[in-house]
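Which chain is which? The protein sequence lines are A and B, in order. In terms of our numbering, the first sequence is residues 1 to 505. In terms of our numbering, the second sequence is residues 506 to 756.
Keep in mind that the hints were calculated from the coordinates and are not lab data. Keep in mind that the hints are not guaranteed to be accurate.
Said to hold, decoys possible - Subject to a maximum C-alpha distance of 30 Å in a straight line, what follows is the list of computed DSSO-like cross-link-like pairs (lysine-lysine):
| id | chain 1 | residue 1 | chain 2 | residue 2 |
| --- | --- | --- | --- | --- |
| 1 | A | Lys359 | A | Lys373 |
| 2 | A | Lys373 | A | Lys485 |
| 3 | B | Lys542 | A | Lys164 |
| 4 | A | Lys458 | A | Lys373 |
| 5 | A | Lys156 | B | Lys507 |
| 6 | A | Lys156 | A | Lys359 |
Stated by the list, open to error - Not the full set, but computed from the structure, chain A residues with beta-carbon under 7 Å of chain B:
| id | residue |
| --- | --- |
| 7 | Ala21 |
| 8 | Ala115 |
| 9 | Leu145 |
| 10 | Met153 |
| 11 | Gly203 |
Here a beta-carbon is modelled for each residue, glycine too, at the ideal position from N, C-alpha and C.
What follows is the residue order along each chain.
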Amino acid sequence: MTEQAPILILLFPFLTAIFVALLGAKVPAASWPLTIASLGASICATLTTLIQVLENGTIRYYVGGWAPPFGIELRIDGLNALVAVTVATVAFLGAIYSKDRVESETENKGPQYYALYLLLAAGLLGIVITGDAFNLYVLLEIAALTSYALLAMGNKRATLAAFKYLIMGTIGASFYLLGVGYLYIKTGSLNMVDIQEQLIANGLQDSSTVQVAFIMITVGLWVKMAFFPLHAWLPNSYAFGPTTSSSIMAPLVTKVMIYVMVRMVLTVFGPVYAFEVLDWGNIVVWLAVIAILAGSIGALAQKDLRKMLTFLIIAEVGYMVGGVWLVDETGMTGAIYHIISDAFMTLCVFLFAGIVFAKTGARDIYAVDGLFKKMPITMIGFIVGAFSLIGIPPTAGFFSKWYLIQGGINSGNWEYVIALLISSLVNAVLFFRIIEIAYFGKKPAEGHIHHHGDDHTKISEAPITQLIPLLGTAAIILLIGIFNKDLVAVIQDFLEPFNLVAGIR
Amino acid sequence: MKFLGLLTVLITGFLLIQAERDFPDWGDVNSPASSYKLSQHYITQTFAETSVPNMVTAVLADYRGYDTMFETVVIFTAGIAIIGILRVFGSNIKPDHPEVVLTKKKPDLIVETTCRLLIPIIQLFALYVVAHGHHSPGGGFQGGVIFGASFILLALARDLQYAQQWVPENRILNLAGIGIFIYAGFGVASLLLGGNFLDYGVLTAIIPGDVKDAHSHSMLGVEIGVAFTVTAIMFSIYSSLSSNGHMKEGI
């Protein structure tokens with residue numbers, strides 16, 4: 001069955017979702033084990049696919065047995081095999097965390113939650129593995145619809161925020177669809193590889209329709225990934241939705257959109273078209289610089305722990321968009337590497353925020369007061385994630401930032417390098433403030449008085465279903481960091497045919 | 506803010522006009538979309554490959570059946586999402602506003618009789634639209650919507666609870682799931698028989714006839730699956746929205 005692995009990646013969560021939705025009314029308790037089992041099976045399928053890709057190169061799976069461009073193909077190369085493994089793993093870890101929290105945070109709608117959760121995972125996995133531009137849109141719809149619902153299932157404030165997200169997300173998706181429509185008018189094809197072949201064969205480099213298609217697709221995806229200044233929907237919806245929902249959406253949705261952007265630039269339009277014919281120059285890098293700085297400043301202004309983290313996502317999106325538009329192989333490597341490492345470190349800190357919220361019921365950063373004594377293991381997990389966001393070796397964040405900075409230097413985009421360093425410093429300030437509060441307590445003077453008589457603080461760790469995903473994520477962050485060479489080798493193998501020499505322009 | 510909005514609209518409008526400048530002429534035979542091998546293949550080969558005269562149906566349910574399966578899932582997702590957001594479980598949770606107490610009147614004679622006459626015809630027509638998708642415009646989505654409308658008419662003419670006697674909430678959800686299982690079932694069956702997902706050709710082992718017939722019959726099968734889901738979700742969305750998620754008194 002290994003040749004069927006690509007479709008199984010998506011079939012496991014998809015069919016289980018329907019099953020959970022049906023069974024939920026009668027046996028709600030079965031939802032969680034089924035979710036875990038199906039996502040576990042999906043991880044196995046993604047790993048099988050990754051191994052096959054590493055051994056035999058790109059996999060092309062023809063759905064329905066129709067050869068492209070007549071049918072839809074799933075096209076898996078080094079890039080999306082890695083992203084698929086990431087998506088499945090993050091979804092799996094997030095699902096484990098959901099167990100204790102979902103009932104209280106979604107008003108006893110566990111089965112509906114798990115069904116939507118699995119559909120979101122299936123949608124994101126489908127986006128990642130498909131080789132068809134329109135199929136990507138269909139799965140984008142599934143991922144978007146489930147996202148709105150998962151966020152709106154929380155309290156009233158979350159519902160309003162999710163409604164704003166719905167408006168923005170729909171506009172973004174419409175722009176993408178319009179762009180694909182224009183491409184179809186000019187090429188007559190919807191298959192990604194075939195579109196590029198037709199663009200070159202028909203000499204459509206100067207066609208204004210294709211140029212507008214590129215702009216529409218890029219801007220649509222920027223809305224979807226919350227690239228500053230199109231980010232307004234993100235902070236409130238992720239900060240006020242159920243912690244279980246934001247623990248899958250914060251790491252995955254924006255990162256998968258960045259993957260789609262990379263895919264559009266490299267596979268659909270081709271780097272020559274995106275960077276040479278349509279020479280936008282440094283505009284996008286400057287936009288990314290503004291995004292990084294705006295995200296960092298926004299994060300500094302927040303007292304609400306989860307809201308602070310949402311602003312960090314906006315900064316991280318700036319890293320990756322900038323990294324892609326550095327037009328440098330090292331920069332692109334860094335951007336792709338950062339998709340993977342950022343997914344895990346965002347998951348790590350969001351899980352921590354969820355655990356703190358579950359334990360204390362408070363949302364602001366002072367809720368972590370004295371947590372080193374109460375929850376030492378949780379804090380260890382958090383510190384790994386925080387160090388990775390700051391960029392301290394040997395965590396994954398250090399290496400991905402290293403490649404991004406290297407790319408910035410190679411291509412001479414010093415403004416980007418400086419923005420990245422400032423943002424890392426801001427992250428250090430933010431996280432060491434939390435670590436300080438967790439270690440020394442709220443106010444230094446008060447902490448001093450309690451210093452000797454603190455023996456009554458008992459260790460009360462988070463439940464095991466919340467600890468396992470947190471520590472698992474922390475371990476993965478370290479593993480991605482330690483085995484950075486192998487990961488970079490896979491990414492560079494993928495990038496080699498695109499010939500992204502430094503300073504292409 | 507208003508100025509920014511205007512600016513965005515103007516820029517978008519400018520872009521759309523820019524894009525239009527390079528369009529092929531209206532109805533141009535030589536436009537890429539009509540002359541490329543993709544459309545040519547669909548136009549010339551569809552009947553030979555699938556024995557379905559309506560090539561739109563063939564593209565929808567066979568060549569791009571994977572898309573259509575997920576379009577069905579989009580509809581299913583919408584139904585589950587609305588239940589997830591709106592539905593209030595249990596009786597102890599008070600509604601946001603005082604419940605409207607409807608005095609049980611004898612239903613109006615004219616309305617009652619009209620429904621009695623209309624509903625069977627609507628449902629029969631829905632089945633016709635589903636079954637006739639091979640030859641004329643139609644298929645699972647359209648037929649499903651029409652079928653769902655018949656239940657909505659029932660709920661509007663009497664009340665939601667009366668309609669729910671015929672189609673209770675859990676049964677309607679089961680119906681929606683079964684629809685997707687029917688569609689995905691054709692895919693999984695072809696997986697198990699050694700083909701790719703949704704490769705109807707290998708289903709000759711269980712469907713009588715040759716490869717072409719297998720394609721044709723499977724398309725009818727998946728259209729029926731779509732119709733199940735669309736019917737059920739239409740009514741489910743109506744009942745959730747019209748009763749504020751309480752599933753009691755509707756409009």
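Results for each hint:
For a cut-off of 30 Å, the pair hint linking Lys359 (chain A) to Lys373 (chain A) stands: about 14 Å separates their Cα positions. In summary, the hint linking Lys373 (chain A) to Lys485 (chain A) is not supported, as the alpha carbons are separated by about 37 Å, beyond the 30 Å threshold. Under the criterion of a C-alpha separation no larger than 30 Å, the hint pairing Lys542 (chain B) with Lys164 (chain A) is inconsistent with the structure, at around 42 Å. For the suggested pair Lys458 (chain A) and Lys373 (chain A), the alpha carbons sit about 8 Å apart, so the restraint of at most 30 Å is met.
Of the supplied pair hints, the one linking Lys156 (chain A) and Lys507 (chain B) holds, its CA atoms being roughly 27 Å apart against a limit of 30 Å. Of the pairs offered as hints, the one joining Lys156 (chain A) and Lys359 (chain A) holds, with about 22 Å between alpha carbons and a cut-off of 30 Å not exceeded. Look at Ala21 (chain A): its Cβ gets to within about 6 Å of chain B, closer than 7 Å, so that hint holds up. Residue-level restraint check for Ala115 (chain A) holds (minimum Cβ-Cβ distance to chain B is 5 Å; threshold 7 Å).
Hint status for Leu145 (chain A): holds, given a least beta-carbon distance of 5 Å to chain B, under 7 Å. For Met153 (chain A), the shortest C-beta to C-beta distance to chain B is roughly 5 Å, which falls under 7 Å, so the interface hint holds. Because the beta carbon of Gly203 (chain A) sits about 12 Å from the nearest beta carbon in chain B, more than 7 Å, this interface hint is broken.
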